[in-house]
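Residue numbers (my numbering), protein chains in the order written: chain A, 1 to 278; chain B, 1 to 278; chain C, 1 to 322; chain D, 1 to 258; chain E, 1 to 258.
Take every hint as true, because none was put in to throw you off.
Examples of chain B residues lying across from chain D (beta carbon under 8 Å, computed):
(1) 97
(2) 111
(3) 121
(4) 125
In case anyone wonders, no lab produced these hints; they're calculated from the structure. Backbone N, C-alpha and C fix where the C-beta goes; we use that ideal spot for every residue, glycine too.
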Amino acid sequence: MSSGEVTAVTSAAGATAEVDTSAAGSVRIEHVTHRYGRGGEEFTAVGPVDLSVPAGEFLVLVGASGCGKSTLLRLIAGFERPTQGAVRVSGAEPRPGEAAGVVFQTPRLFPWRTVRGNIDLALRYAGVSRSRWPERRAELLARVGLEGTERRRVWEISGGQQQRVAIARALAAENPLLLLDEPFAALDALTRERLQEDVRRVTRRTGRTAVFVTHSADEAVFLGSRIVVLAKGPGTVALDLPISLPRDDVDAEELRGSREFTELRAQVSHAVKTAAAA
Amino acid sequence: MSSGEVTAVTSAAGATAEVDTSAAGSVRIEHVTHRYGRGGEEFTAVGPVDLSVPAGEFLVLVGASGCGKSTLLRLIAGFERPTQGAVRVSGAEPRPGEAAGVVFQTPRLFPWRTVRGNIDLALRYAGVSRSRWPERRAELLARVGLEGTERRRVWEISGGQQQRVAIARALAAENPLLLLDEPFAALDALTRERLQEDVRRVTRRTGRTAVFVTHSADEAVFLGSRIVVLAKGPGTVALDLPISLPRDDVDAEELRGSREFTELRAQVSHAVKTAAAA
Amino acid sequence: SSDSEAASSGGSKRLRIGYFAFPSGDLIVKNRKLLEKALPDHKISWIKFDSGASVNQAFLGKSLDIAALGSSPFARGVSGSSPIPYKVAWILDVAGENEALVARKSTGVTDVAGLRGRKIATPFASTSHYSLLAALEAAGLKPSDVQLIDLQPQPILAAWQRGDIDAAYVWLPTLDELRATGTQLTSSKEIGAAGKPTLDLAVVSDDLIARDPAAIDAWRTAEAEALRLLKSDPDGSVKAVAAELGISAADAAAQLKQGVFLTPEQVVSADWLGTEGSPGKLLTYVSDTAAFLAEQKQIDAVPSQDAVRRAFYSKGLSDVLR
Amino acid sequence: MRHVALPLGSLLLFLVLWQVLAASHTWSETLVPPPAKVWDAFVDVSTTHDGVRGYNGTTLVEHLGISLRRIAIGAGLGIVAGVVFGLFMGTVGWLRSLFEPWITFLRTLPPLAYFSLLIIWLGIDEEPKVTLLAVAAFPPVAVSTTTAVAAVPKSLVEAARALGASRWDTVRDVVVPSALPETLTGVRLAVGVAYSSLVAAELVNGLPGIGGMVKDAANYNNTPVVLVGIIAIGVSGLVIDGLLLRLERVVVPWRGRT
Amino acid sequence: MRHVALPLGSLLLFLVLWQVLAASHTWSETLVPPPAKVWDAFVDVSTTHDGVRGYNGTTLVEHLGISLRRIAIGAGLGIVAGVVFGLFMGTVGWLRSLFEPWITFLRTLPPLAYFSLLIIWLGIDEEPKVTLLAVAAFPPVAVSTTTAVAAVPKSLVEAARALGASRWDTVRDVVVPSALPETLTGVRLAVGVAYSSLVAAELVNGLPGIGGMVKDAANYNNTPVVLVGIIAIGVSGLVIDGLLLRLERVVVPWRGRT
Ligand SMILES: Nc1ncnc2c1ncn2[C@@H]1O[C@H](COP(=O)(O)OP(=O)(O)OP(=O)(O)O)[C@@H](O)[C@H]1O
Ligand SMILES: Nc1ncnc2c1ncn2[C@@H]1O[C@H](COP(=O)(O)OP(=O)(O)OP(=O)(O)O)[C@@H](O)[C@H]1O
Ligand SMILES: [Mg+2]
Ligand SMILES: [Mg+2]
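All chains should be built: construct the whole structure from the sequences, respecting the hints.
Here is the structure:
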């Protein structure tokens, strides 16, 4: 992954100029507006938004329900084209499946495949050679805590388990950019913390960029190297907050217990509520 | 609603004998086991569980992902029959749509109807006379903060908005029992707190029983008059905790800030993690 | 009027006539509205058919009062344990040069016997089929000595042009197209002369005989007049036929020329229908046809002479000569 | 744009090929008449010409109208019956066990085999024709509706039941709309099948009627008129299918969105 | 249990009614032959009898076998072509614009109207029969596959694309399985339509062949043999449909679970 060479810049709010915007995994959103619908019934969901995410950053998006977080993610993934402005991923127009691995807000599993089949498909698309599938599959299933459900049909597992299959699928490929839309919303605290740890470790180790949507201020502060709060109607950036908590060799419990953490959490909580209430 | 006459008993753990089990909205689960699948591939999801929920109680179910919370709710709603044991709702075998309003873990909206159409359908099934629909519809939409989206198609609203439509639909009927499966999982903090307040107020005012599944310890303590923690594999009761925080005339902020609340939350968090880790 | 009321309520004044769209007295009766003039109180509907099989079915379904019918379908109709409740009351025409057996020139076949082992197409269960079998028999061939193929006229033309078949027994207008590139081996005229004529008969339902014999008489009178017109007014007949068939006058004239039309006198004579009580030679023709069909396993058993005789309606037949 | 240009272009290409084939005289004119002859025939059967009105005293439009009426009644009956049977069979298990074999049996039956029975039972007027068309149109609708109803998402049925829907409510508000897309496909197929059964239905006493006209013309090797009839059948079928497709788009906007 | 008992019961009831009707002599024996006669005919055409082998020198099983072979080849070709066209038309917009009108046109065409064309082009042996069956089987599959493909859940296509699927991957892994249930319904309909076209296909030079046998017997008002043929066609159709239904259950376990 070439992003290893790029220095992870903790960008200051609005300081988008000095960033290397062609590095693999970097995202640049230039004055983007997105409108849904055509003709009489138009609805502006996002914009205008300017945002530059350097490679290696862990960006957390928070904001009220319906403020345009998923839309923004879909724009970055290349599933929607901006009505106005431009989106650049790794310096180019985003194309689905190219630079970004995606966890959608709903699991979107393939019902004609078992849990195992869903993961195998992801492995195939990721270009993993067939001989390494069993090993990789086992590893992915273990990471999301789904050992023993390989042969189940996707409607034979619980909602949280479905979401975890979706996460495992997205982790099968090693894209320079990860887009995660409330991936842990249906998980219990323990599983959630484990996966948070996992995601944080993986992105830091491989220098991958992540754009992560969540409703939990705790999660945002724990994961983000930068938090963007979206205001509603249509979604615009209300707060762009760099987080510089110590990350390496710190125990999660300890980090969460720290004063800085609590304060940041309160700040984010407050910002979200203010932005939503506006 | 006859449940108004029944005294809301804050039951002690295990103290199920003295409860009026035929009162409207009461739930009794007698040594229930539930197995999915047939033949070679059986999987025991729940049991054995004994649980008695007197009318008017706000029971919160917490537990690891996949521990059987949704299955238990489906048993109470009457969508599944227990493999062993018996389930009684208002003293009788549960039948879907009879005593209980349900919010499923996924929104399950009818795609052939608009947001408005989905709610109108619920109003019709609830037996609300057509002349009162506009008023009731507006009220429900306002409660979940969805004013202005009536004419949208269900795929034209965000994930959290879909979940809120599902909640509004379930609130259309005034059943003595409410079953809510992680209803607020996809909502931001502000919307979530508003709806928590709303649900708490409604159930207390009308004396309705609620069984509420959540992964949030905060939510559990804030809402529950009793918290049941399920252990995994198969789901059994690991902890049955009555909550006796002051509820009336208390500000939500204040309540959340109180020491008792923080302690209870920590206790529940710990219990869930212990149960899940086991 | 009270008459039309009776027609609509009782339906007794209704006359449903099935006809074939090839040159015959029927077309003239229809075109000149002879019957409508003779029976002004009747509601007359002309229904076009193109196979004897469906005429038989329509009689079974009581949907017809009078209809044209080939002699072989008629023979089939009156045989069996429950014959169709109809009787022959008129002869429309006798097959002549308008039905013939033709071989493709390129096969080099010049006589019927030369067809051994060849593919011959004909519409099964038709008069052509019967004539073909008769021709083969006369030439000393068993049906198994040739390959018989069941084809309707238009497919015959297509298969002929492709060279899929070597010979075909068929009627106009397809026959004319085949003659252009083929050699005629025999015709229904020759086969008829040899004692196995095929005819187009007209049958009336038992029901009509019981209900409205006067209408039958009027209809027969009209048919007799048409036969006379064919002889006395050839130009007018050609025009009527051309108009009914939607073809050119030249084509109509050519087709008319190839048919054999009896005079009313001949029809009534002992050579053909005969008179009440003493049926003419038609009785033998029909019996022979039935016997032949039975031999070919096309029907179960030969109807008794009596059964065939019972299927003749010649009451008042000779009145048409007046 | 493209939606119109492409088919028109291919039509043009087809006409050119046809003209070339006809001009090459590989086949006799009776078998492959040139386009111009077919056009003449079209004009002939559409107008009063030399005192003859259309074909057999009836113009093309009238032939077509009469046949369309038969299709409307026949296919209409078949479709309604198909939807009703499909709904019942898809929802009630024992009804399906009872009727499915009979329906399967019915839809394998060749119309040409049972048409004589229809004539014997129902006569030679409108009844056998309409019945044959109804019998032809029934199976596609019944089969697709049955399958679609049996495959209604359980989650949505449960959602309706949880809201207090009665069995009948569920059928009306969940089963019917959910099965609608496949039912509509069945209807489109049914109309097509009815069309293609038109000649069989009008084999006996089919004039006036476009199928009867085609068959009658075929008897006289009048290929131009046969082709005019075929084209008239095909084009009117295209129009109806276009309307059904449009209906589908309006009635089932949610397809593919779930 | 019920799955077998109910149809059998209704069959018995039907036989009894038939016997009663036949015995009442309301209809002539040509119209409604008693079951016993049909049974006799069945024995006759199944055995060598009075030196005659079956019907026209071929036993019933052989007639049926020959026709089933035609159906297998014809319907097989039609179904494969239908799936291929359906997939392409459902996925590629301009292909749909180009071909849909032609296919709609094709499926409204009465086989009886274009059969002579088939003979011109393909002769009178197996080719026109197989082609007619293929043409009959093609539309249901093509239409249902096209509609189903166009209605593939966008969410799942996106999920595959997000995982890095190529366009072709998406077709194979999402579009095909997602359209499979409707395609299978189309296949069931196609087999039925092919069956019901059997008599038309075997109108020309159709003996040996069960459709040819039925038509031949009908020409001679040999109703018992017609009924034997119809029953043989229907029963073999039932068996094939049963197999297809079972296939559907095995291949598409997720139907109704979403
Ligand atoms: N149809 C089924 N067949 C087999 N196993 C099933 C089926 N449905 C659910 N299960 C299993 O039963 C267990 C309980 O499922 P349930 O949906 O009740 O979990 P849950 O507690 O609601 O989990 P979550 O928090 O993830 O929603 C899970 O382990 C799941 O895999
Ligand atoms: N297809 C559509 N047509 C019209 N409006 C749409 C469409 N999709 C989304 N919207 C609207 O656009 C806005 C943004 O939607 P989006 O899904 O991005 O919200 P979100 O921030 O992800 O919300 P949530 O937290 O609830 O998932 C919402 O108000 C929604 O109603
Ligand atoms: Mg969202
Ligand atoms: Mg659950």
